[in-house]
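The chain contents come next:
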Amino acid sequence: MRGPSAAPGNAARGQLLQWIAVFLFFVLVPLGRRSFFITMANEVLIMGLFAMAFNLLYGVTGMLSFGQAAYYGAGGYTVGLLLTKGVLPYSVALPLAPVVGAALALLLGPLCIRLSGVYFTMLTLAFAELVWGVVFKWYGFTGGDNGIQGIPVPEWFHHPLHYYYFTLAVVVAAVAVLRRIVESPFGAVLQSIRENPERTAFLGIRVRRYQLAAMVISGAFSGLAGGLFAGFHRSIGPDMMHWTKSGEVILMSILGGVSSFFGPLVGAGVILFIEDMIGKYTEFWEIWIGGIMLAIVVFFPRGVIGTLYQWTRRKGSRERDGNAAAHP
Amino acid sequence: MDANLVAAQLFSGLTSAMTLFLVASGLSLIFGVVNVFNFAHGSFYLLGAYFAYQMVSVTGLPFWPGILLAAVGAGIAGVVMEYVFLRRIYGRGGEAGFQILLTYSFILILDDVVKMIWGTDYKSIERPESLSAPFTLGEISVPRYDLVVILVGILVAAGMWWIIRKTRFGRNLRAISDNRDMASCLGVNVPLTLSLVFGLATALGGLSGALSAPTRTVTPGAGIEVIIGSLIVVVIGGLGNFWGAFVGALIIGEVTAFGILFLPQWAILFSYAVMALVLVFRPEGLLARKGSA
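As given, the protein sequences belong to chains L and H, one line each in that order.
Each position in the first sequence, counted from 1, maps to that position plus 128 in the numbering used here.
Each position in the second sequence, counted from 1, maps to that position plus 1453 in the numbering used here.
Please keep in mind that the hints were generated in silico from the structure rather than gathered at the bench.
Please note that a few of the clues may not be correct.
[Unchecked claim] Just some of the chain H residues that point at chain L, by a computed CB distance under 8 Å:
hint: 1; residue: 1592
hint: 2; residue: 1593
hint: 3; residue: 1730
hint: 4; residue: 1732
[Stated by the list, open to error] Taking CB as the label site, the calculated pair distances span:
hint: 5; chain 1: L; residue 1: 152; chain 2: H; residue 2: 1674; range: 39 to 45 Å
hint: 6; chain 1: L; residue 1: 284; chain 2: H; residue 2: 1533; range: 54 to 60 Å
hint: 7; chain 1: L; residue 1: 212; chain 2: H; residue 2: 1533; range: 46 to 52 Å
hint: 8; chain 1: L; residue 1: 404; chain 2: H; residue 2: 1545; range: 30 to 36 Å
hint: 9; chain 1: L; residue 1: 367; chain 2: H; residue 2: 1637; range: 27 to 33 Å
hint: 10; chain 1: H; residue 1: 1458; chain 2: L; residue 2: 216; range: 33 to 39 Å
hint: 11; chain 1: L; residue 1: 401; chain 2: H; residue 2: 1608; range: 50 to 56 Å
hint: 12; chain 1: L; residue 1: 216; chain 2: H; residue 2: 1588; range: 55 to 61 Å
hint: 13; chain 1: H; residue 1: 1510; chain 2: L; residue 2: 152; range: 56 to 62 Å
hint: 14; chain 1: H; residue 1: 1640; chain 2: L; residue 2: 308; range: 53 to 59 Å
hint: 15; chain 1: H; residue 1: 1642; chain 2: L; residue 2: 277; range: 41 to 47 Å
hint: 16; chain 1: H; residue 1: 1574; chain 2: L; residue 2: 167; range: 28 to 34 Å
hint: 17; chain 1: L; residue 1: 272; chain 2: H; residue 2: 1639; range: 54 to 60 Å
Because the structure is a prediction, the values reported are computed rather than measured.
For each residue, glycine too, the CB sits at the ideal point set by N, CA and C.
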């Protein structure tokens, strides 16, 4: 997502191909005929959406949030609580998940953007931990650390394949909207904030307002992902708000590559697959995740997609880097 | 509320303020001089606590030498982290993000290393016998161990002030904090100083963990709680400001100690409320940074 593509014709066709390839892959996954694949692909879609929502903040706007799990969890608990308390049907509860995610971001965002850089990151983490702490301790309302079990989603969704295609449809729609946002004039402003906030402010743009808007949009899509997860797993717990969840999407985005649109989705696939594989052999999977992250930061800072891209198009990217260097 | 209770909470607040200060001052020092936000700083607290457990409860060393060795061990681990890994990403574009990720990966790695070596169950160490009795003055009684922790905190604060202000090392450190390139041109051995600062700061974190081990049970995963606590402290005091960490720790220690009296389960909310207030009215921290650590 680092800047709109330079050569419209070719690049647009390439992008369309990318979209079709990704879409076909997920449509065809159930042909594997193993429930393991379907479950895995479903999780990848949900986490992929979550990671792309995070990347709107980090990859596009340059704000490294370490607290996105709060919004993801807010969406999940919205669906979980509304359904178990029998207040609203799923068809209303799920659309409310992004609304609650956005509302929470609107509440915490103004405090977080008081500071920038590392401070911003740490504030997002601190406030997300606060939200987690409240959910964890408020037994009367959220079920505390027991979470919510047996969320009554409609019968039709109990079939894994049904829910899978439902998730696919929602995620594709959400991703298309995210894409539109990034490519809109609004998205261009976000990218200019990433490149140089001071210069953007000199242009008469209220940087903080745009940063808050980015947080709210990201919060909304994170909430949607959380709501999808609640319907998918049918049981949720405060784990989905824990800071390690925020760390996970960061890792997914970085691993996939924050500068490519589908990078976070690829990263989500890779990480979930690794977690599943390693989880079978050892309880110490954190050290592997940590080791992988360490290796990426030290050796492959552009992520998997970014590094592949760099290798395949070394010449082209060098020219583009040259152009980019000439601009500021 | 009687005077006895108030005094008890006051001292308990002071004790946790001192352990917070030890971690937060190291965090602040690294940020001010090395220009890194060490997200894994809480993990050195964790290492210190487990090293102390190993030295005192397993190996059977006397208490104080064990605590000291634990702090030194955490410091050595910190130097290794800086020398082998962090050093590679200084000055890279988008450094802040990479710093967070690199130090985050260390949280995960150290957490699992601790679990692998010492297991996941609760660990505790006995405080020395001479300090187990309470210290009583009239109506008021305070655990003697808490008084010693408070004393150690004050001594460390004074010692750090002396190092930063009065020694050659401290002068180099302040020079680097002001302008790393210029300090290097004037003959300061910058890489060595950065490693030493990192070692000193992580040793302080380890000391805090080791000192806390007898009063709080030691578990893996404590690292993140500690880092968030010290984060709140440095945001209140002003990041990169040594005395800011001291003031912030006192505020948070006392606010939490007295918050427990009013809302036992939600005491943590008070420190967040204080942080939110500071952010709204003085986002740069109560003691704004004046360019040196």
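Checked hints:
1. Hint status for residue 1592(H) relative to chain L: violated, with the closest Cβ pair at about 34 Å, above 8 Å.
2. At about 32 Å, the closest approach between the beta carbon of residue 1593(H) and any beta carbon in chain L exceeds 8 Å, and the interface hint on this residue is violated.
3. At about 10 Å, the closest approach between the beta carbon of residue 1730(H) and any beta carbon in chain L exceeds 8 Å, and the interface hint on this residue is violated.
4. For residue 1732(H), the interface hint holds, the least distance from its beta-carbon to any beta-carbon of chain L being 5 Å, beneath 8 Å.
5. Separated by about 42 Å at the C-beta atoms, residue 152(L) and residue 1674(H) satisfy the suggested range of 39 to 45 Å.
6. The supplied range of 54 to 60 Å is met by residue 284(L) and residue 1533(H), whose beta-carbon atoms lie about 56 Å from each other.
7. Separation of residue 212(L) from residue 1533(H) is about 49 Å and conforms to the stated range, judged on CB atoms against 46 to 52 Å.
8. Distance hint for residue 404(L) and residue 1545(H): a CB-CB separation of about 32 Å, consistent with the stated range 30 to 36 Å.
9. Checked against the given bound of 27 to 33 Å, the beta carbons of residue 367(L) and residue 1637(H), roughly 47 Å apart, lie outside it.
10. Taken as a hint, the range 33 to 39 Å is violated for the pair residue 1458(H) and residue 216(L), whose Cβ atoms sit roughly 47 Å apart.
11. The beta-carbon spacing between residue 401(L) and residue 1608(H), approximately 52 Å, falls within the hinted interval of 50 to 56 Å.
12. In this structure, residue 216(L) and residue 1588(H) meet the distance hint of 55 to 61 Å, their C-beta atoms being roughly 59 Å apart.
13. Taking the beta carbon of each, residue 1510(H) and residue 152(L) are about 59 Å apart, inside 56 to 62 Å as hinted.
14. Range check, residue 1640(H) to residue 308(L): Cβ separation about 56 Å, and the 53 to 59 Å hint holds.
15. Look at residue 1642(H) against residue 277(L): about 60 Å separates their beta carbons, and that is not inside 41 to 47 Å.
16. Checked against the given bound of 28 to 34 Å, the beta carbons of residue 1574(H) and residue 167(L), roughly 32 Å apart, stay inside it.
17. Range check, residue 272(L) to residue 1639(H): Cβ separation about 58 Å, and the 54 to 60 Å hint holds.
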